[in-house]
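Asks: The lines below spell out each chain.
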Amino acid sequence: MSTLTATRPAGRVLMHARGIVLPVAVLIVLALVPKLAVDIPYVFKDTLNTPGTLQLLALCLVFGGLAMTYDLLFGYTGLLSFGHALYFAVGVYLVAIALTKWHWSFAEGLLFAAAVGIVLPLLLGAVSLRVGGIAFAMVTLAFAQAGSILAFKNPWGWTGGEEGFGTDYTKLPAAFVGIFNTKNLYWLALGYAAVVFAIVRWAVGSSPGRVWQAIRENELRVQVLGLRPYGYKLLVFVLASFLATAGGVVYLLLQTGPTTEVTTANFTLTLLVMVVIGGTGTRWGAFVGGVLYTWANQRLGDASGSHAVESLPSVLRTPLQQPLFVLGVIFILVVFFAPGGLARLGRIGKALRS
Amino acid sequence: MSLLSVRDLHVHLGESHVLQGIEFDVPEGGVTALLGRNGVGKTTTLRALMGLVDRRGSITLAGDEISATPTHRIVRRGVGYVPEDRDVFAGLTVEENLRLAERNGDARYDLVYDLFPELRERGRQLAGTLSGGQQQMVAIARALLNDNRVLLVDEPTKGLAPALVTQVADALARASELTTVLLVEQNLGVVQRVARDAVVLDTGRIVHIGPARELLASEEMVHRMLGVGHAGDRP
Amino acid sequence: MSTLLLLTITGVGLGALYFLIASGLSLIYGLMGVLNFAHGAFLTVGAFGMWYAESKLGGLGVLPRFLVASLVGLVVGGVFAALVELVLIRPLYRRHIEQVLVTVGLGLATTALVVAIWGNDARPIAYPGWLGRTTTVAGAHVPNDRWLLIAAAVVVLVALTTFLKRTRYGLIIRAGVENRAMVTALGIDVRKAFTLVFAIGGVAAALAGILGNVYFTTADPNRGTSLLIFAFIVVVIGGLGSLRGTAVAAVVVGLVQQYANYYASTGLGDLSVVLLLGLVLLARPRGLSGAFA
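Same order as they appear, the protein sequences are chains A, B and C.
Residues in the first sequence are numbered from 1 upward in steps of one, following our numbering.
Residues in the second sequence are numbered from 1 upward in steps of one, following our numbering.
Residues in the third sequence are numbered from 1 upward in steps of one, following our numbering.
The set of hints was computed from the structure by calculation and includes no laboratory data.
On a predicted model such as this, the values are computed, not experimentally measured, just so you know.
Any given hint could turn out to be false.
[Claimed, not checked] Quick partial rundown of chain A residues pointing at chain C, CB under 10 Å, derived from the structure:
{"no.": "1", "residue": "L48"}
{"no.": "2", "residue": "L141"}
{"no.": "3", "residue": "A142"}
{"no.": "4", "residue": "F143"}
{"no.": "5", "residue": "G166"}
{"no.": "6", "residue": "T170"}
{"no.": "7", "residue": "L172"}
{"no.": "8", "residue": "A175"}
{"no.": "9", "residue": "I179"}
{"no.": "10", "residue": "K183"}
{"no.": "11", "residue": "N184"}
{"no.": "12", "residue": "I330"}
{"no.": "13", "residue": "L333"}
Even for Gly, the Cβ is constructed at its ideal location relative to N, Cα and C.
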């Protein structure tokens, strides 16, 4: 009896330690990437420590983090939002506008974006969460569409319309400007992904996190237990949106300036694609999905101009030139043949080995 | 040989194991009553026979296995269904509700209008505007319109005024002369009048099979298995 | 006055375009519970089917070429939609989230494929000269394509209503929107009706694509996606599964958009429509979520 009580907490600590060891190990390896002059043929065009590769990897990490924030809503709470792009775009546009059009300092711009990144989802979430299911999806889509229309219409010349505009880089911290500082941007993106990972793990393990998952399984039963799902849903909506806004700021630093692409409904749909390909509501699924999607999107685009693809017959070559076609098809195949995504496949593989 | 034969039938709804390996037979002809307290799985049993819920085990209709057959094919083999809560199409007229149920050219409108003359008069009325009793008539009429081998009827007298209960019981008695009926019914008076055999279900298991008359004659058995003190209201 | 009339007719014409897309969306959702994100792809496929056929029919006069090419577009749209239902939606029967996800992937992939084959640029369309001219009504010079849009939508509305009221499949669809399970419990294979509503929705969306080609004078691979969002809004405002509600909502959305764009400021039209949706959902959240359940 005494041995049982003694081993159980120890076992849990061990489990806990394993839950931390792997992410930390991954983090350390990823942090060392800018120091590695390693060439990985086919996967990357140049060696790992070149600015081009680091830029792509940083983009992968930002979208890996962003996909995790979307997974908080869709994978963990069962909220199918079609408007997540809006909160990402808040981070991208507001900082750029504050610095470039209003000539604020970088710190002021950050504070402003952070404030809006909390207040806006609080307001819009309070409204859209009054309805559920498909209606919620539609309302979130509509609000995001309003944001997208604003970005396209270029009010007071702030958003630059369809083309967007270039951020005033003199206002940015010097460490994040210029091609020689790409490694700093990479570390920033890695930091963002790591922080999101840690917050998501902590949040879904907390007591509200368990209520989110109960809402996903059966909202009615949560109500029967005397809890109000509305408050818990609003909490996760604001958290996920705020983390997306933070991701938008990192994304802006990686780009020369904001473009309307990140405001569109299609952008949210690609987040959905990332999360489903990776596996919803799992530890690594959304992150891996986001990274792979971004990498594939970029590399397929590169490959379309390559010799290998150029020499293909046009029936094959033409569709391969559109990454979104390839990714859309992969997405459908995953839904059909690998429900649960890559994370589920990994688990099946592990079960087969043991 | 029995017309309908159920062996080791299991149904899971969400996390609850609603039917836990039930077994019973419905002999050809007459009414077999499926009885039990509320929530023991009677409706689920009928829905499982209809293929409306995922089920495991064996169900044979006249010797043919139908436990993996989709609902519409089960119906076309001659199974009529009168669901709990009637499920008439509220936005369709009475006539349209009946027309939808026609499976071939020789629908028995004469029989249906003979049993429920009101339906002929209200043919153009929207079914959603009918009273509960009239909706029940539509639901029963839909099942009687075709020449079925067996009818599965789920609590047809629930919530009806006494006069309507009698009319529905008459219809059931008439139906049982034409076809086999498996009847779920809380009104033991109706059971006593029409049923020959009784199957009693309790929390997902069969607890009694025997002649209906024998079961209802024993106050102790009725009390123990159906949770009521006496044989209910007699119509 | 003549400006108001022109705005009104243009708004109704735009509403007609929305209705053609939204009617299929609404029927599909009502019957099957699937929000079809591939509906914009049906429009694109129809529009490019028409453009492609037109570019290959050089020998004919403008009018016969236009008519034959339109017919090709309609058939291509309908067949494509029916195949989508049979191959991609049907195997996922009863798994609604997966069905929606598949339509999302299909919508993205189809647009990308059209761009891959014909490029991202809008392709000019040839159409009979009458459509490019105007008719003067009470002092307003109304472009003739508006009449075509409105007439087409009215024909589709009447045809669909008649079909739903008078035919056995119409009966099955109306009953299925109310209670799918009970329809199968009457011995009806409701899946045939699923393929049928997809085909109908595909033809109507393809018609919207063809008329969109005329209205905007080009075939544009990205038009499906942008119109789809407004069609969603129309469907939600109109109440899913209700054809009449969809028709009314489509006209309201078209008019609000036109009026706001002219009387307030360009671009405010789209925003007003979004605002309208927010108001409707706030006013009757329960009613609408009831319709969604």
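Asks: All the hints need checking, so say for each whether the structure fits it.
Replies: Hints, verified against the model:
no.: 1; hint: L48; in the structure: violated (30 Å)
no.: 2; hint: L141; in the structure: holds (7 Å)
no.: 3; hint: A142; in the structure: holds (5 Å)
no.: 4; hint: F143; in the structure: holds (7 Å)
no.: 5; hint: G166; in the structure: violated (23 Å)
no.: 6; hint: T170; in the structure: violated (31 Å)
no.: 7; hint: L172; in the structure: violated (30 Å)
no.: 8; hint: A175; in the structure: violated (37 Å)
no.: 9; hint: I179; in the structure: violated (29 Å)
no.: 10; hint: K183; in the structure: violated (33 Å)
no.: 11; hint: N184; in the structure: violated (34 Å)
no.: 12; hint: I330; in the structure: holds (8 Å)
no.: 13; hint: L333; in the structure: holds (9 Å)
Comparing the model with each numbered hint stated earlier shows that hints 1, 5, 6, 7, 8, 9, 10, 11 do not hold.
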